[in-house]
Amino acid sequence: TQLLEQSPQFLSIQEGENLTVYCNSSSVFSSLQWYRQEPGEGPVLLVTVVTGGEVKKLKRLTFQFGDARKDSSLHITAAQPGDTGLYLCAGADYKLSFGAGTTVTVRA
Amino acid sequence: SQTIHQWPATLVQPVGSPLSLECTVEGTSNPNLYWYRQAAGRGLQLLFYSVGIGQISSEVPQNLSASRPQDRQFILSSKKLLLSDSGFYLCAWRGLAGGPGNEQFFGPGTRLTVL
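Protein sequences, first through last, are from chains A and B.
Heads up: the first sequence begins at 1 in the numbering used here, then just goes up one per residue.
Heads up: the second sequence begins at 109 in the numbering used here, then just goes up one per residue.
Just chain A, same shape as in the assembly (with noise of 0.2 Å):
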């Protein structure tokens, strides 16, 4: 069973400051994706990484994925309050396995 470990579990910051969170896994994915998920609905996607080394650019967000195709990272510049939510990574072989989430705070 693949395992996708996410850190921190729980970021609070204020606005402005910058923020990192981490996807980890022992396993190889073919492609890893990032959700953003708001309480009381669903996960919105951000965002695919395929190639191993790849980085993508969503205005304020870095998304990193390693060389080795098993972990990631998502960078946040000058996080604002509008950045907050429930941050997913999910790996993809014939589905999708996703990890436990990071909850981030960003308060005004």
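Just so you know, not all the hints are guaranteed correct.
Here are the simulated DSS-like pairs of lysine-lysine, each with C-alpha atoms no more than 30 Å apart in a straight line [to be verified]:
| no. | chain 1 | residue 1 | chain 2 | residue 2 |
| --- | --- | --- | --- | --- |
| 1 | A | Lys56 | A | Lys70 |
| 2 | A | Lys95 | A | Lys56 |
| 3 | A | Lys59 | B | Lys187 |
| 4 | B | Lys188 | A | Lys70 |
For the record, the hints were derived by calculation from the structure and aren't laboratory data.
The structure displayed is predicted, hence computed values, not measured ones.
On the provided structure of chain A, position chain B as indicated by the hints.
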């Protein structure tokens, strides 16, 4: 564009009662469909997935079952609910001509509370 619907949005049921949650997808044909359960503030556990009408794969043996009577309809059921069935149930779809990864797109979810 594709949309995914789930209902009901919230449900409170007594222990031992039956359950039926419905998920429908619009704007796509022959999608892969998935049911997940999520504990409060945590990751998603895959319960069932379906690659076509009448084709159901179960990931976790439990008190639930799934059916796909139509191409874009996916139903989660139980004959007798347990307290441990409480949670947030999410339906997701994936198109066969999807992106480079196994991206899935989620519905709004159903909050189930079993009392």
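Results for each hint:
1. A/Lys56 with A/Lys70: 16 Å, holds
2. A/Lys95 with A/Lys56: Given that 30 Å is the threshold and the Cα spacing comes to 23 Å, the pair holds.
3. A/Lys59 with B/Lys187: 47 Å, violated
4. B/Lys188 with A/Lys70: Violated, at about 40 Å.
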